[in-house]
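Take the sequences, apply the hints, and build the full model.
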Amino acid sequence: MVKLYSSYNSEFFAIRQPGRIQLYKDSFQDIAHRVHDQMAGELIHLSDAGECFFRSGDGLFRLRREKGVRADRCKAVKGLDGSPERGTLAGFAVRADGEQVAYEQILPAQKFSSKLKRFLGSKSAQGDVGPRLHRFVVSQWSGRSSTCYYETVVDPLTSVGLVWWPSPDFGFLSVMERERDGRSFLRLIDILEESVVNELVVEGRLSRDRFLTTNGSVGFGMEKEGKRAFVIWTYSQERFGVTYPKEARVIHLMKDKVIFHSKKNEIVTAKDYQNNVVSEVNLRALTDLGVQYLLSFNPRGSLELVTYAQGKLRVHHTDLESLPIDARRWELLGERRRAAQLESAADDVLQRDEEQRAHEQQEARQTELVNEMKEQLSPPPPPEQPTLPFEGRAVPVAQPAADIAPIHFKSKEEADEALERLRMRYIADELTREDYYNEKTVIERAAAAI
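Per the working numbering, the very first residue in the sequence shown carries number 1130; after that it's consecutive.
All the pointers check out, no bait thrown in.
Label-pair ranges, simulated between beta-carbon atoms: (1) R1413 with V1330: 39 to 49 Å; (2) M1168 with D1482: 50 to 60 Å; (3) K1392 with R1457: 18 to 28 Å; (4) G1430 with V1131: 23 to 33 Å; (5) G1430 with P1374: 24 to 34 Å; (6) Q1470 with D1319: 56 to 66 Å; (7) P1374 with E1489: 51 to 61 Å; (8) E1489 with K1393: 45 to 55 Å; (9) V1325 with N1404: 26 to 36 Å.
Distance condition first, Cα-Cα at most 25 Å in a straight line; then the derived DSS-like pairs of lysine-lysine: (10) K1569 with K1503; (11) K1356 with K1392; (12) K1132 with K1196; (13) K1154 with K1196; (14) K1392 with K1353; (15) K1384 with K1400; (16) K1356 with K1393; (17) K1154 with K1441; (18) K1569 with K1541; (19) K1375 with K1353; (20) K1393 with K1353; (21) K1400 with K1386; (22) K1539 with K1503; (23) K1356 with K1375; (24) K1386 with K1375; (25) K1356 with K1400; (26) K1196 with K1441; (27) K1392 with K1132; (28) K1393 with K1132; (29) K1569 with K1539; (30) K1400 with K1375; (31) K1353 with K1400.
Read the hints as simulated data drawn from the structure, not as lab findings. Virtual Cβ for every residue (Gly too), placed ideally from N, Cα, C.
Rendered as structure tokens:
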């Protein structure tokens, strides 16, 4: 099974196969890259310009949309080698167009500024164990220009860590600090304004479903007391909650809807912010047809359904209103295919029955011919000799060799049938080789006289 990827603007798509990445622009093949799977690592981003970004143990790499190009390494994070002076790379994100990168840099206590040291106290500022400074930096790929938009101190004694995610255009950044008491502090940073614009306190366990739109609406999944909900917090500080199944994942956050997909049931559901189901589509028909698929929502509000089957990628332009109609069409196609398969299987059974019946009839006919030949070619019993009075010694009398009676045929077909019966007798080991050829000669002469 291959992996499918989509750019944010849904103009480029990629197929990841062992040792190879095939790039598509819409449904048309664009460029193929050969990659070393172990060195390239994971494909983490496909930019709006068709560039592929990878993260591996050796660093962060980019493959430009050019033939035969070599991957170039991100210089902005190359120096984060884990040393106390340079810090450690903890997280990484790429802007939708691929021009900028955002990353989280963690520094030990020794690298705190004097202001932070005074805030933490002398005890926390000593040694390499204790609070850490987390810096969130946005930089050019080359590292020539970088800006830290937010930094905070995390104490392992009271916190379990940080989670952050940016908007696709890097206009906003959301940072959630999770405390050990179960509370989480969410901050929304306006990168252009370089300030924290919203703060929120929530309780529960954070899930992997996290989104941040270009207009500053934050979405994240929370679990508490066995209940699961997707929390939406808008830029104007309106708060909404949408419930969704545990086996489902949120795949897109729109300005008024939440889209989530259940891989187990293969159901795509759209809900509005008031938790009402707007649309629900079952895509199992695609899997039954042997088709891989990817749902790609673009900034224009429409939807591209990317399908891959039998080595071909296709892009179907649709929307949430038309998707149920497309799904019904695929269901009908699957039903026709299953009916054709059942009909083909029935035809195979009938053909095997016909072949078996013909074989049995042929064997019965051959047995009948052999029996007829036995009756026709078996010599009549010798006549009984009268008993004569015997005087003296009996003298054996030599019997003359039996002559084969002449045979006459009315037609060529009758002669051919006689030859076939003779051959079957010979195969059944009822005649010696000499008798077979003698009788064959007689039959052939009689056939020639017709």
